[in-house]
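**Q** Residue numbers (the working numbering), protein chains in the order written: chain A, 111 to 418; chain B, 310 to 537; chain C, 2 to 311; chain D, 193 to 438; chain E, 380 to 747.
What the hints contain is simulated information worked out from the structure, not anything from laboratory work. For every residue, glycine included, the Cβ atom is placed at its ideal position computed from N, Cα and C.
Selected chain E positions facing chain A (in silico; Cβ < 8 Å): (1) Gln401; (2) Asn527; (3) Val557; (4) Gln560; (5) Asp568; (6) Gly581; (7) Arg588; (8) Gln592; (9) Gln616.
Here are some, though not all, of the chain B residues that point toward chain A, as calculated from beta-carbon distances under 10 Å: (10) Ala378; (11) Glu404; (12) Ile407; (13) Ala410; (14) Gly435.
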Amino acid sequence: MSPALLLVQALNGLELGVLLFLIAAGLTLVFGVMDVVNLAHGVQYMLGAYLAVAFLPWCGSVWAAIALAAVASLVLGALLERLVFRHLIGADHLDQVLATFGLILLAEEGVKLLFGPAPRTLPVPALLSGAVPLFGGLHYAVYRLAVLAAGLAMAGLLWLMIEHTRTGMRLRAGASNAPVLAALGVDVGRLFARVLALGAMLAGFAGAIAAPIVSVDPGMGGPVLILAFVVIVLGGAGSVRGSFVAALLVGLTDTLGRGLLDAALIAALPPAAAHTAGPALASMLIYLVMAAVLAFRPAGLLPARGRA
Amino acid sequence: MLEVAGLESGYGRAQVLFGVGFTLGMGETLALLGRNGMGKTTTVRTLMGMLPPWRGSIRLGGRELAGQASHLIAQAGIGLVPEGRGVFPTLTVAENLIATARPGPWTLPRALALLPRLGARLHHRGAELSGGEQQMLAIGRALLTNPRLLILDEATEGLAPLLRAEIFAALAALKAEGEAVLVIDKHVADLSRLADRMAILEKGRIVWHGTPAALHADPAIVGRHLHV
Amino acid sequence: MRRPRLRQSGVVLAALLLAVLALAPVAARLLGNAWLLALATRAGVFAIAAVSLQFIVGFAGLASLGHAAFLGIGAYALLMLAGAGWDEMALSLPAAILAAAAYAWPTGWLALRTRGVTFIMITLAFGQMAFFVAESLAVYGGDDGMPLDRAPPLFGSRLLARPEAFHALVLLLLLALLLAARRLGAGRFGRALRAAREMPGLAASLGFDVVRVRLIAYVLAGGVGGLAGWLLAVASGFVSPALFDWRLAGQLLVMVILGGVATPEGAASGAIFLVLVEEGLSAADEHGRIVLGALLLGAALWRVRRGRAG
Amino acid sequence: MSVLAAEGLCKSFGALAVTQAVSLDLRAGEVHALIGPNGAGKSSLIAQLAGTLAPDAGRVRLEGADITRLPPHLRARRGMARTFQISAVVGGLSALANVALAVQAHGPRPLAPFRRADGDAALEGPARAALADVGLADRAAVPAEALSYGERRVLEIACALALVPRVLLLDEPLAGMGHAEGRRIVALLAGLRGRCAMLLVEHDMDAVFALADRLSVLVEGRVIASGPPAAVRADPAVRAAYLGAA
Amino acid sequence: AQAPVKVGVLVTLSGPGAVLGQQVRDGVALALKDRDGKLGGRPAELVVVDDELKPDVAAARARRLVESDRVDFVIGPIFSNILGAIFRPVTEGGAVLVSPNAGSSVFAGRQCSPDFFVTSYENTQIHAVLGEYAQRQGYKRAFLLAPNYQAGKDAVAGFRSRFRGEVVAEDYVPLTTVDFQADLARIADARPDVIFTFMPGGLGVALVRQFHQSGLADRIPFLSAFTVDESTLPAEQDAALGLYGAMTWAPDMDNAANRKFVGEYLAAYHAVPGSYAMQGYDALQLIDSALARTGGTTSDRAKLHAALHAADFASPRGAFRFNTNGYPIQDFYLVKAAKRPDGLYQTEIVQKVFSDWADEFAAACPLK
Ligand SMILES: Nc1ncnc2c1ncn2[C@@H]1O[C@H](COP(=O)(O)OP(=O)(O)OP(=O)(O)O)[C@@H](O)[C@H]1O
Ligand SMILES: Nc1ncnc2c1ncn2[C@@H]1O[C@H](COP(=O)(O)OP(=O)(O)OP(=O)(O)O)[C@@H](O)[C@H]1O
Ligand SMILES: [Mg+2]
Ligand SMILES: [Mg+2]
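Just chain A, same shape as in the assembly (with noise of 0.2 Å):
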């Protein structure tokens, strides 16, 4: 691989990674504070995508659109919490398994409803479209480097207000007891329903931000959920640092892992057997580095310290 093959792979693999980050951290914060598992999270993040492809033709411009989906995906976080969220808290882990779930299902075939299953698209923006010239011959779309800024920048305003606000430890605080938070004057009910608020603007942002790059399908959230779940297991759940670093772990692996993994195996082996065995390691690689992450740190890379 050349060095600015390398170059381009790494970036890719650190704008998958605060993609996933995205995602992962308003995933991990419903985790973390609420104890409560969310599989509609990646629904939440589908949902972002369809009402920035929605408001687009009603607004005009990429950015208002994206911007209005983030709006409208905070809004809908907080009417869900309403009317299921707030019913789970506290509830068993399999209950609101059961209970996300359905709403999977609700949601995607609403929006196949309103939509139709044919994949929509959102155009780049044009300020944003073209890409820059790299060394050696390769370019890089002006985009992509849009979306890893405002991903990282997301990620240093997040730590922040997590780990250095009195909302960031009330937040931690609620997350390990949340009785005894209240009965010291915190009002839980409000705090979790901002998280959960929260939670759902980032995946929404994040699914509308990606619109422009992936495909837009009723199904799209799918495998984004297990990345992100991926990513906060190997994150240590509850620890938005965790996810973080996890985060870029994955998108790295996943990118370079890929294209390093292949070119060892073509030297290594003969061409049949590197054609057979490379794809197969390939789409496992993410579960190999999870499974021996979590064999040796059960907890996760950086765990919620203390979490009992």
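With chain A held as given, fit chains B, C, D and E with the ligands onto it using these hints.
**A** For chains B, C, D and E with the ligands alone, coordinates are given in the frame of chain A:
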């Protein structure tokens, strides 16, 4: 200041409290006594809105609190040291103290002066503390909410004798400042020195009510309600 | 006393559903509709799979998203043996069970170091790995999978080729499994498992080898999952990597939760109910999944509310 | 001869040394009390003896055998029982079933798959006896999660006793118990003296002086005094560090 | 009155493959509407079911169609793994299976059946068309990109069966890939003369858009199968313009049957039909034509088989006949994505690559 009357509550359908009532004036200390499982903690949980009251009234400074959400009751001026400490395990000691703090005479330095061991552990996570240290943290945390009424449910459980003596001294000082205290503790001798009045709970009812002196004057009461 | 009555009603419901399944051959004959029988058989097979999953979800408190892998291994064991002409049930069925259990052993040993959501994900990871391996087996059709040429012989006889006979086999196995699982749940091992789930530290301090207790449960569940896979392969006459899919694992989990994780008969009821409802909805309308989604959501919320009421 | 011995145990969490070259022994049938200020490292020491915390250095011997690396459940099989400072019971099981579980654990065929656990006289007989001993007989059918805090603590002791241990590690057994219940447990433990060696961590000095044959004082991870209770009590260093004027 | 003929439609209607299933269903429904709901003069009834893209579910549903709904014909499925699962339940259950899309080589050769007909093509043919075209263009170095499953490997094999130049890389990506950036970087780095890819559905949409964004579209010719078609074009839009594919038909074909089909489909569903819709349409036309010949009966199997085999209907793709194995003998074209005057997108014929081409497996089929 605090008037509790006819309080009934329980878990699921099992009733535990059957009409608990007492009052607590400004600067007054009431000790709640009773054998294991008689409903002391249940009384506290119901007061704090952690368990919904089935019947009865809870008035603080004239305001009805029964049926209100937990956080509103706390904000009305009640500070709690819960049974079993309830320290937030993932927060550091410092974060545990300030996350729920409200402005008032109790500040972080003042709390640390009372509980110096916490000062040495400020950046340790709650879960890493020893049992006694967690207990101190729970007390400090409650003080920093600057309550008008402090409720301590077995707050000296697991504390070394020296420290327990210090905590009781601090409570006496609080009382002198006009703070109301509701305290549950098994060290009846220490309580007798601190409390203005005592109440004995049995099977969810207050079966005796009086001053420490009265309690000591009548060993039969102790024998009947507090011994096995 | 609320609990015992609820438990009783669970048994009654399961018995009712089993009776419905048992009557299927009669109904199929009377109505001249062979498919009713096939549907009942399928429901029975899924009930067996669900009971095996309930064993780890309910008793050991470990939700797994990798359970489909056991089904897949059981099914592929049959496919591979059939390819060599060794599909005789007396041989291939134990082989399917053993193969699945053998896979459960090392993966369980690693996975059982974790709990909760982490356990869900690590079982998913192992399931996915098995999936990708199955997908790369070009000899067995790769991603497309392969049909089975015939129903496996039973001691050389063609008995299982008769739908009624296969149906009876499935029901008998289900019944035996339910009785065994109930006994096991109420037995000493079940109680140790429960202690290991709720208070692992305490269980160890009492002298239980927590990891071993859980591992035994996991391997048992894996073996029975292999049995279900063998049956599913025979029932649908086709084996493909889709049997390893995490979505199938998710579906099994939904069946178990829907019916109630606490008891085997609950899991079986959930499976039978879900298979029948899905079939009904698919017949009614292509957007039947909306109804299904609402149903699951409603069931979960209802259960949560009931749990809160005590 | 000593049944249980710690030899030069060391344990640090990062920069914090919680156990510093602690040597301690427990003789057959005696009650050895361990006291010390909060955070001195008493629970950490118990955890190392019970096998839930691995020491950085040093050994643990049970009846002469080195068990430093033995997992907790195997220690339990060799006759060691413990209670936890933070209460640990199986919430969903009744008080009786909790104790029966302990009986099952140390009896024959602890994992018999098809042997009904409910109503098994071989399990419930001894369990009922243990419950009666601690005074919880009338709460036998109550699920452990519905017991009050103090009752749960009592239940734990019943579980530990049902193991018929030869070595018992008690981490603040009286915490959370009322005065009266505490006295009952003290009497019960006193009755065990001679049959079972006990390491007792407790802040209730009345109980400590009522029970202890020997007394060790742990301060900041070190044993600063050890010996007969009366002598230790008189030690000015101990008074300063722990007892105060009491 | 005669009892109605029942036709089962077993296609994928949920998940990512649902677009294709819907096209088939709509094509079938359109053809039936054209015939006033009658087949061979008999009233007809459609029973539509979803196979959920799960083989075991599909097998169960196929049995339902045959044993419970008692259909005489089953049109389906979309995907070849489903075909494997429903083949025996349908054909052995006494119904005729007409595949509107999946055409595995398995059932074209030794395992062919008189009760099985395909209105699409044998799967690898499309890829071979593109290999042939690349070979004729004189491209020397090709980069091959496909999802990592059997169909992806078949696609690469199909392309290579005709392409003799150097293959610089065979890149297999997981089916769940959402981001092709890594692969595009490798392509840019390898600088091939041509790219061949097979990326169905959402994968194709993502690839095409990212290919366009990367700026490679202007530099490297892009040959693809099932990646740029009427099911994905509405999402790919301008990014796909000028990209090549292969097919037996395109909406712009100029014949009366096609004009009628495309016109009616557009009017009914407000979308340009794709090949899936066309093949579904033909599947129903085939059944209708056969029943017309047998006078509406299905009881005489030999007569029914012969009638089906005659394929006596006007296909939008023009000349259409069956080989002995029930797979078509037909022309194959190179097609290209284009924008229509009404703003919609479609594929258009560029050139014919093969005429009257039969699959190579038919020789092994014992049927005459
Ligand atoms: N996991 C850990 N990580 C970091 N520090 C720890 C950890 N566990 C215990 N400690 C520290 O080690 C010291 C000893 O704790 P330990 O629980 O052994 O005290 P103890 O003597 O039992 O006190 P107490 O009487 O209050 O229960 C304490 O200062 C505690 O903060
Ligand atoms: N979570 C619960 N569910 C059901 N019943 C409970 C629960 N908690 C306590 N109880 C029951 O309520 C009664 C009163 O318990 P409570 O905890 O108020 O006692 P207490 O006086 O605080 O005792 P202790 O001194 O042991 O803490 C007991 O009989 C107990 O069994
Ligand atoms: Mg209490
Ligand atoms: Mg301790």
